[in-house]
Amino acid sequence: MSFVVFLPTLQTPGFRGVQNFTWFTFGDQALRLGWLLDPLAAVMLIMITLVGLCIFVFSIGYMAGDKNFVRFFAYLSFFSGAMLGLVISNSLLLLFICWELVGLASYLLIGFWIERPSAAAAAKKAFITTRIGDLGFFLGLLWLYGRSGTLLFYDGGNGCLESAGLAMVGASVTFIALLIFCGAVGKSGQFPLHVWLPDAMEGPTPVSALIHAATMVAAGVFLVARVYPLFSLGAINGVTSSLTVVVWIGVTTALMAALIAIAQADIKRILAYSTVSQLGLMMVSLGVGGVAAGMMHLLAHGFFKALLFLGAGSVIHGCHGEQDIRKMGGLRRLMPVTFSTYAIGMMALSGVPLFFSGGWTKEEILHVTAHWPVSRLPYYFLLAGVVLTALYMTRQIIYVFFGDRRAASQRAHESPRVMTMPLIVLASCAILFSVVLTPAWPWLHHYLTGEPAHLEFARLIQPTLFLSLVLVGAGVALGIGIYRKAGAQDRRRPADTDPLEFAQPQLFRFLANKMWIDELYARTVIAFSWMSARLSDWMDRYFWDRLVRGFGAIGQLFGTFTASVDERGINAGVDETTVGARGLGRLMSAAHSGQIQTYLGVIAIGLLALLLFYAWLA
Amino acid sequence: MIPTLQVFLIVSAALFSAGLLAALSRRHAIFILIGIEMMLAAANLNFIAFWRFNPQSQPPTGVMIAIFSIAIAAAEAAVGLALVIAEF
Amino acid sequence: MSSAAFVLIAILTLAAALAAATLQKLMHATLSFAVALVGVAAFFFLLGAEFVGLVLVFVYIGAVAVLIVFTILLTRRDVGKDRGANWSGALLAVAVFGGLGWAVFKTQSVAIAAPHIRALTVKRIGEALMTSYVWPLQCVGLLLTAALIGALVLVMEEKR
Numbered sequence: 362m363s364f365v366v367f368l369p370t371l372q373t374p375g376f377r378g379v380q381n382f383t384w385f386t387f388g389d390q391a392l393r394l395g396w397l398l399d400p401l402a403a404v405m406l407i408m409i410t411l412v413g414l415c416i417f418v419f420s421i422g423y424m425a426g427d428k429n430f431v432r433f434f435a436y437l438s439f440f441s442g443a444m445l446g447l448v449i450s451n452s453l454l455l456l457f458i459c460w461e462l463v464g465l466a467s468y469l470l471i472g473f474w475i476e477r478p479s480a481a482a483a484a485k486k487a488f489i490t491t492r493i494g495d496l497g498f499f500l501g502l503l504w505l506y507g508r509s510g511t512l513l514f515y516d517g518g519n520g521c522l523e524s525a526g527l528a529m530v531g532a533s534v535t536f537i538a539l540l541i542f543c544g545a546v547g548k549s550g551q552f553p554l555h556v557w558l559p560d561a562m563e564g565p566t567p568v569s570a571l572i573h574a575a576t577m578v579a580a581g582v583f584l585v586a587r588v589y590p591l592f593s594l595g596a597i598n599g600v601t602s603s604l605t606v607v608v609w610i611g612v613t614t615a616l617m618a619a620l621i622a623i624a625q626a627d628i629k630r631i632l633a634y635s636t637v638s639q640l641g642l643m644m645v646s647l648g649v650g651g652v653a654a655g656m657m658h659l660l661a662h663g664f665f666k667a668l669l670f671l672g673a674g675s676v677i678h679g680c681h682g683e684q685d686i687r688k689m690g691g692l693r694r695l696m697p698v699t700f701s702t703y704a705i706g707m708m709a710l711s712g713v714p715l716f717f718s719g720g721w722t723k724e725e726i727l728h729v730t731a732h733w734p735v736s737r738l739p740y741y742f743l744l745a746g747v748v749l750t751a752l753y754m755t756r757q758i759i760y761v762f763f764g765d766r767r768a769a770s771q772r773a774h775e776s777p778r779v780m781t782m783p784l785i786v787l788a789s790c791a792i793l794f795s796v797v798l799t800p801a802w803p804w805l806h807h808y809l810t811g812e813p814a815h816l817e818f819a820r821l822i823q824p825t826l827f828l829s830l831v832l833v834g835a836g837v838a839l840g841i842g843i844y845r846k847a848g849a850q851d852r853r854r855p856a857d858t859d860p861l862e863f864a865q866p867q868l869f870r871f872l873a874n875k876m877w878i879d880e881l882y883a884r885t886v887i888a889f890s891w892m893s894a895r896l897s898d899w900m901d902r903y904f905w906d907r908l909v910r911g912f913g914a915i916g917q918l919f920g921t922f923t924a925s926v927d928e929r930g931i932n933a934g935v936d937e938t939t940v941g942a943r944g945l946g947r948l949m950s951a952a953h954s955g956q957i958q959t960y961l962g963v964i965a966i967g968l969l970a971l972l973l974f975y976a977w978l979a
Numbered sequence: 045m046i047p048t049l050q051v052f053l054i055v056s057a058a059l060f061s062a063g064l065l066a067a068l069s070r071r072h073a074i075f076i077l078i079g080i081e082m083m084l085a086a087a088n089l090n091f092i093a094f095w096r097f098n099p100q101s102q103p104p105t106g107v108m109i110a111i112f113s114i115a116i117a118a119a120e121a122a123v124g125l126a127l128v129i130a131e132f
Numbered sequence: 037m038s039s040a041a042f043v044l045i046a047i048l049t050l051a052a053a054l055a056a057a058t059l060q061k062l063m064h065a066t067l068s069f070a071v072a073l074v075g076v077a078a079f080f081f082l083l084g085a086e087f088v089g090l091v092l093v094f095v096y097i098g099a100v101a102v103l104i105v106f107t108i109l110l111t112r113r114d115v116g117k118d119r120g121a122n123w124s125g126a127l128l129a130v131a132v133f134g135g136l137g138w139a140v141f142k143t144q145s146v147a148i149a150a151p152h153i154r155a156l157t158v159k160r161i162g163e164a165l166m167t168s169y170v171w172p173l174q175c176v177g178l179l180l181t182a183a184l185i186g187a188l189v190l191v192m193e194e195k196r
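Chains as they are written, first to last, in the numbering used here: chain A, 362 to 979; chain B, 45 to 132; chain C, 37 to 196.
Keep in mind that the hints are not guaranteed to be accurate.
Covered by chain C, per the in silico footprint, the following chain B stretches (three or more residues, Cβ under 8 Å) [stated by the list, open to error]:
1. 57 to 67
2. 76 to 83
3. 88 to 100
4. 104 to 114
5. 117 to 123
Please keep in mind that the hints were generated in silico from the structure rather than gathered at the bench.
Beta carbons are placed, not taken as given, at the ideal position from N, Cα and C, and that holds for glycine.
Sequences are here, hints too, so could you generate the full structure?
Dropping the structure here:
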């Protein structure tokens, strides 16, 4: 179906189909939602449905035998529905609703193996961390609504992304954009809220592939691309302060995550950090103005990262649940299909040009970053990131597929057909995409920006191409050089120590512990809230309690005084009256049977009597 | 027939009587509670209707009273049901 | 205010209310009670008090009716059937309805059509709640808190 809707957007450049409707009317304000189909949504639809299909098929094999098989697929379908809703919504509110649904699905799926405490903790961490970002998103949404009075993106000239709506937003647009960006930071695992994404790998591997690599984390990038007019409003030379923030956060994330990835041992964690790094790359691209380049990288990344994760899943499946790459090795012979597809994914990720999709899109991003007027620094950082990416991917491949067989790979086996087929499909997508994305015929680029495309081979040859070729080559060569003998017994170094760890133990520990960011948070944010909770507890116990008791004592004093007056002066008189009242009371108590219904009946009769009186008067 | 205030009052009287019927003739406490809630709803309907048919409806007193009475009815239901649970 | 809608809602509400008052099974009666409340909420919408209608739906159908259902399920022991109407109650109820109806028909001043009034926005309700009705609001809050604590205490003593 997504291909059907893809066609009209393909034929007309700048196609934009909008279907708005009123959700409900509240007094004199109507809340309106809507669906939107434009090139951005259409390509996302294709990517999500295609990758989703492959992952669904893969999960049949991967989850076979799990006792909660049905629950797993229910969650997965729930996620896909919410994600598709997110992509095609034409209202920031609807987008936010789907956004939260997606977050919920992610929470449920990370904690899918609920009996593992680490999975439950990771799910909670993911949920809470993204919630911090979503708080910003929601504030931005409210602010935007307060300013422009609508949350529809496009509404025949009145939407909040169209000129009239943007004019109403005015000067606060920078803050609104940054608040919305908070949501994207949380969801897309950008620094400083990236900590949840690697932990999210506790979930089943197909989930990591679908949610934490291909689609959901891309939602943040998609969100920024969607509300791009808010970011770029009032841009001078394509630069606004909000976009600058986006760039720097992206650069920090990209470089830092790539560094951390080098020192990880868990096969999925490496991929997770590489996802974080790639998302940072996309953010940079959006920030420097290359929306189309960022989105193209997002699409290509969706395919090859899903491929890598599924490959990792296949490896883990083959190695009976072992995830430590240092315990694998020599799997090339045992799992040929997995190996070849994984290699394709690896080359796409490291950005080997010409035949692999990631190469072209990375090229594009580097190209736009190089022309950013503010600073050349992001460009150099990204170049370093390219080298690092090639390095850690080479490291992973060498550890897993080459060298001698180690503990976990002794009894490894190739995965069943139902798991290898999606791998092959995704691998061919990763290669086919290189044709689609080739700069010689940049129709997708123009399709996203709405301009006609021309075929022109001259664009193939660009200086950045050679540069990145050299850099990727350097990264791969470096990787091979360092890790060639990694698994083998060395006389100076035990076999399970990383060569880098051997050379630079301090630095390696720093990276292996994720730059101690988790620990930093535990010491600062979490400790702070713990302290404040303790402080309030103490205040409650000692200060407020004493205060209340003091008031109580005053009241008691007063009470004693009045009681004495009562005793002497008033009681004597009252006593006399009570004797009379007691007789009356005995009489009345006969009527009080304790049956509520009798009382009710009497009340009803009284009502009738009142009405009769009224009739008599009238 | 355009609904006048009169027909609203008739409907609310009928609702009230149904609630009364439930409250008077049932044995079980939950039924009596339901009857009382229905009578309260009838009263709320009256308040809203009187507010709506009053040309000078500023401030919206009827609406306010209806809101408060809904809140009070909720409190009452909570306590009543707690009693029922504690009893059985 | 459309009369067709009015007649429809009136029939629905009254039928459901009668069913709630007379059905033997407790669960059936509760569900028809919920339907009757939906009818009342629809009346509120018809009368232009959307906010109160929504509050009614949330509080009654969302909380009270569900609470009743929970209570029924929790105290399954002797719950199930209850006698329907008994004669004295029915007689009294019919008499009250007759009296009230007669009084309403007799009063000519209520036979009026709806005047045109300003739409009641949530903003206005909120302003009224925070200005003229702020004391009642606080009292209701206090009452709710008291009811909450009371309900908890009642149920907790049972546990002990």
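Now for the hints, and whether the structure bears them out:
| no. | hint | result |
| --- | --- | --- |
| 1 | 57 to 67 | holds (count 10) |
| 2 | 76 to 83 | holds (count 5) |
| 3 | 88 to 100 | holds (count 9) |
| 4 | 104 to 114 | holds (count 7) |
| 5 | 117 to 123 | holds (count 7) |
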